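Chains as they are written, first to last, in the working numbering: chain A, 121 to 720; chain B, 121 to 720.
Among the hints, erroneous ones may be present.
If chains are identical, the list can't say which one is meant, so a pair holds when it fits in one copy or spans any two.
[What the hints assert, rightly or not] Derived lysine-lysine pairs resembling DSS-like cross-links, with alpha carbons at most 25 Å apart:
hint	residue 1	residue 2
1	K233	K653
2	K406	K179
3	K361	K577
4	K653	K577
5	K183	K334
6	K306	K540
Don't read these hints as lab results, they were simulated from the structure.
A quick note: this is a predicted structure, and the numbers were derived from the prediction, not measured.
2 protein chains.
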Amino acid sequence: MEKTEDLSQDLVKGDVSAPISDQLPSQLKVEPPKTQSPITAVGTKSTAITAGVPAEIDKIESKEIFSEFREHSVAEFFKKNRQMLGFSGKIRSLTTLVHEYVTNSLDACEEAKILPNIYVKIENLPDQHVRLYIEDNGPGIPKQFVGRALGQMLAGTKFHRFVQQRGQQGIGATGGTMYAQITTGKPVHCRSGIGDNNIFECDIAVDLKTNSPKISNMVEYTGKYRGLTIVGEFSEVKYDKSEYAPFEYLKATALANPHAQITVVEPNGERTVFERAHNEVPERPKPAQPHPLGVTTDDLINYSHHSKERKLSSFLTSNFARISDSKVDELRKLCPSINFDKMPRELKWEEAEALVNAFKQIKWIAPSADPLRPIGKEQIEKALKNVLKPEFISISERAPKVFRGGVPFLVEVGIAYKGKSGREKSDGFVGLDVKRFANRAPLLFDAGGCATMEAVKTIDWNRYGLKDIENMPVTIFMNLVSVHVPYTSAGKQAISTEEEIVEEFRYALMEVARDLDRYISGKIRDEQRESRKKAIKRYVKQLASDLPYLAGRGNTPEIEKKLIYLIENKYAKIFDKSTRLTADEVKAAKKEQVEAEIEE
Amino acid sequence: MEKTEDLSQDLVKGDVSAPISDQLPSQLKVEPPKTQSPITAVGTKSTAITAGVPAEIDKIESKEIFSEFREHSVAEFFKKNRQMLGFSGKIRSLTTLVHEYVTNSLDACEEAKILPNIYVKIENLPDQHVRLYIEDNGPGIPKQFVGRALGQMLAGTKFHRFVQQRGQQGIGATGGTMYAQITTGKPVHCRSGIGDNNIFECDIAVDLKTNSPKISNMVEYTGKYRGLTIVGEFSEVKYDKSEYAPFEYLKATALANPHAQITVVEPNGERTVFERAHNEVPERPKPAQPHPLGVTTDDLINYSHHSKERKLSSFLTSNFARISDSKVDELRKLCPSINFDKMPRELKWEEAEALVNAFKQIKWIAPSADPLRPIGKEQIEKALKNVLKPEFISISERAPKVFRGGVPFLVEVGIAYKGKSGREKSDGFVGLDVKRFANRAPLLFDAGGCATMEAVKTIDWNRYGLKDIENMPVTIFMNLVSVHVPYTSAGKQAISTEEEIVEEFRYALMEVARDLDRYISGKIRDEQRESRKKAIKRYVKQLASDLPYLAGRGNTPEIEKKLIYLIENKYAKIFDKSTRLTADEVKAAKKEQVEAEIEE
């Protein structure tokens, strides 16, 4: 590496007759070539070998290279890059399958306002094959959509909606079909009923070359089944009970979805029911309009050019949350050169960019929580208490914020201390456990690059007296609730470290850390106080009988009572601010306590 | 959570008249529904609320839900999930752009056997826009391919090739075009010449709805330029000089590509040339046939069904590496039920699966390194010495192995100690630095979930006397060389933790760790020995003059000489095995040394 002044004179200026930028209508200007060396003469297939400069005798022509140019389907891409869908490692692959089907079932049930009842059965077959049977009581899939829903990638009902869902890409279930195909050569089998007394069953595969569904063996009959059943045979998967395996995945799912009943039958025949803890379907989130904060210029152009509104002003008020007529007036003042009466489809990029910048200068009401359905403090507390029986618990639910594209989100964070909190580490001791969720779906993998862990890492735990949190019996529960979860990959196991999301997790973590700190240090103070009090009390009797003798006045019981009162007052429990009593209340309490003790 | 015996009697068996499996030609059998509760009567839109069981009064029908069913293009998918392409955070987004264009340039040059000369210029424009100008001296793109190469995802020359390349997905450059579009509304501008004295320039955009290119402002002229130039204007990017920024990226690229000359002009006008250190284009890797180890059943079916060979046996010998006629004979013995004379396209899944299992029982020659072009021990050593000036260095290059799909790969690992090794940590001290590469392209992000770091984490450094490696001035260089790099996401910043890859990295790390251990502990032993020797030598003079007196015989100079010889022999430097002298050499050396010292 060598730093030099501008040596552009070293570079041949190329042989371009006129300045390119003059010939071009383009806004972008290219420069004369800087990479051509005078010796590797261009256009001739190498001439002589000049000292120090290698020849290009064997140079291969561009035309030859491009003779291999091909186009590929998204299914071929994900077949080749199956690890991007979560299919890497046998255990993880099985968990990915369970994850994809179960999140689809939960989404479908919630959308149809049905209390989910999901049945998962995993069987070991010969030749290390595994059969996965997943049945739900959801709305089912209509016959005309079943092929594309289970056998075509990037197709579905969720991709374009502005509402919180677990699934969002239209890849997951078809990924499962693909994985059955490439590992066992078999299609998946499905049964669906939409509640009209008709049931159908069929086999579904993906034509990977064209990313289109292949349906076979269609059978229809009448019967009382509403829901979707998937049966698939897979290889390159493995069942075990490790922390990354389906059982733990379903347990975590149950934790974050107390309204769901999940039954799992393991290969050994053991059947476990994660019982429904809460008999209400979470209210269906309402699709929301994007909030002006975080809308990109590109979004604004797209929305405006597809708008049927006649004026830019009415387009703004009718397409965005929180834009009122008075806000449009503010925008007019900030962007005097924009005509707010023109057709929205005539909005130019520069104008849209100016509007986006103006959005950032205006005070807005926070985004509505309408499209978001958090689990809620109460439910999280119930669930954590139920599972961990902790000594202390604190939950923080932050107000909605937006990230890029005006996407509303909020974070929920809980901290639990002692009881069964924490996880066993490889050294046999219990340490910090972080349970990560996105829209209630557990994230078991790829913790390293996840916004949740990023936030945990950046907290200065020392400030909260939790310096050694890695080795404390602490469980942190983190849930991102968002209209769109920015996963780092299609495998949906880590949340991209978007600044706004990490920041919100940080705030929430600080809140619960502060609470835990207060609890632990209060406990320590109380213990210290108590032991000092006891130590001093030991001298009371002696002192009370000696004092009258030394002073020549007073009587022992009276002095003993006063001494105890003094000690109790000095080492009174200090309540934390939130529950602090008034000075009078404290005095009254102390008095009562002292009297009670004396009576003993 | 509650464990119960099989309570299937609790579940309504459904109302299916005949066993489904009897009606079906499918190999898969479904079970009677298990998720239907008798009260939430199916087919009727909820009847009565029965105690404890919630009604489904507001249930929404499947048909309503599916009215929103849509299909989407892969470009729309990546627009919505831009973070999957590495577009998250302003600094990372800029590095991603530089990465995509520069790796394409390097690939193209290598493929065309041209010594790469790459020029990167980054300019700050008003409104926080950034212009990126990247020019190479590669083979250029023929006019008829330029739209698809830069404006269509999943199209390119690399996806299907069985040869090592940096790029492999046909997404990167089009991702850049998309990012220009969605952040500034502008197409990218390009200039291309393929060396036939014709140059063209045009603007390229992606139609995101259809994932197809939009070319505009095409201009053609004659001139001497061969290569590709891209000029793009981007927003939501930011230039700085942090360790994750383009400058460090290019520095790392230069480190792993000593045959490339890379010039970078920063926004402040500073121009840095990473000079070419090695004047030879790496030999073009040869496309290889897949190795039988690691071929999946699905691959085998695909290859065989597209084969033009007339017999299964000749299909095997002509399509796979290392399968000879005698190996086919071994296979015949292992799979007696398979007819090796039948047409390959008649191969059934079960047979293919049996063949794949048989592959695993046969002894094979390791895969050829033909399709792989490692940087090589010598080049890595040169590069690390050049940049880090370390006190000690050790490089391990492992033999090729395969992972899933018979994909050949190998790993290269280097360790450097002291000098400028290590990186400054946030506490101001120097600690372990890991430089990660995949096919010579630096990986700056997502270290957490990467196979490289996974391997580093699992090493018991304690065993190598490197317990505190996190706080040592050590740089570890890791390069995966592979025909297909299993990236965790399309952003290509982390290698999926495939078992075989992690394992190879582990072995290589152990090798270099052992070397470093030997060096450091040798150094410590030497130092200890030296100080003991000095301590004892202090007594030599005194002892040499006292001994003749005590013994009544001998003379002081003689005794002194002998004593020194004894001491020197006892504390002789122990050379490590690789440079160990013969016993005679050691004696000679010692003698010389003693004599020299005595002469002093």
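Hints violated by the structure (listed by number, smallest first)
Violated hints: 1, 4, 6; rest satisfied.
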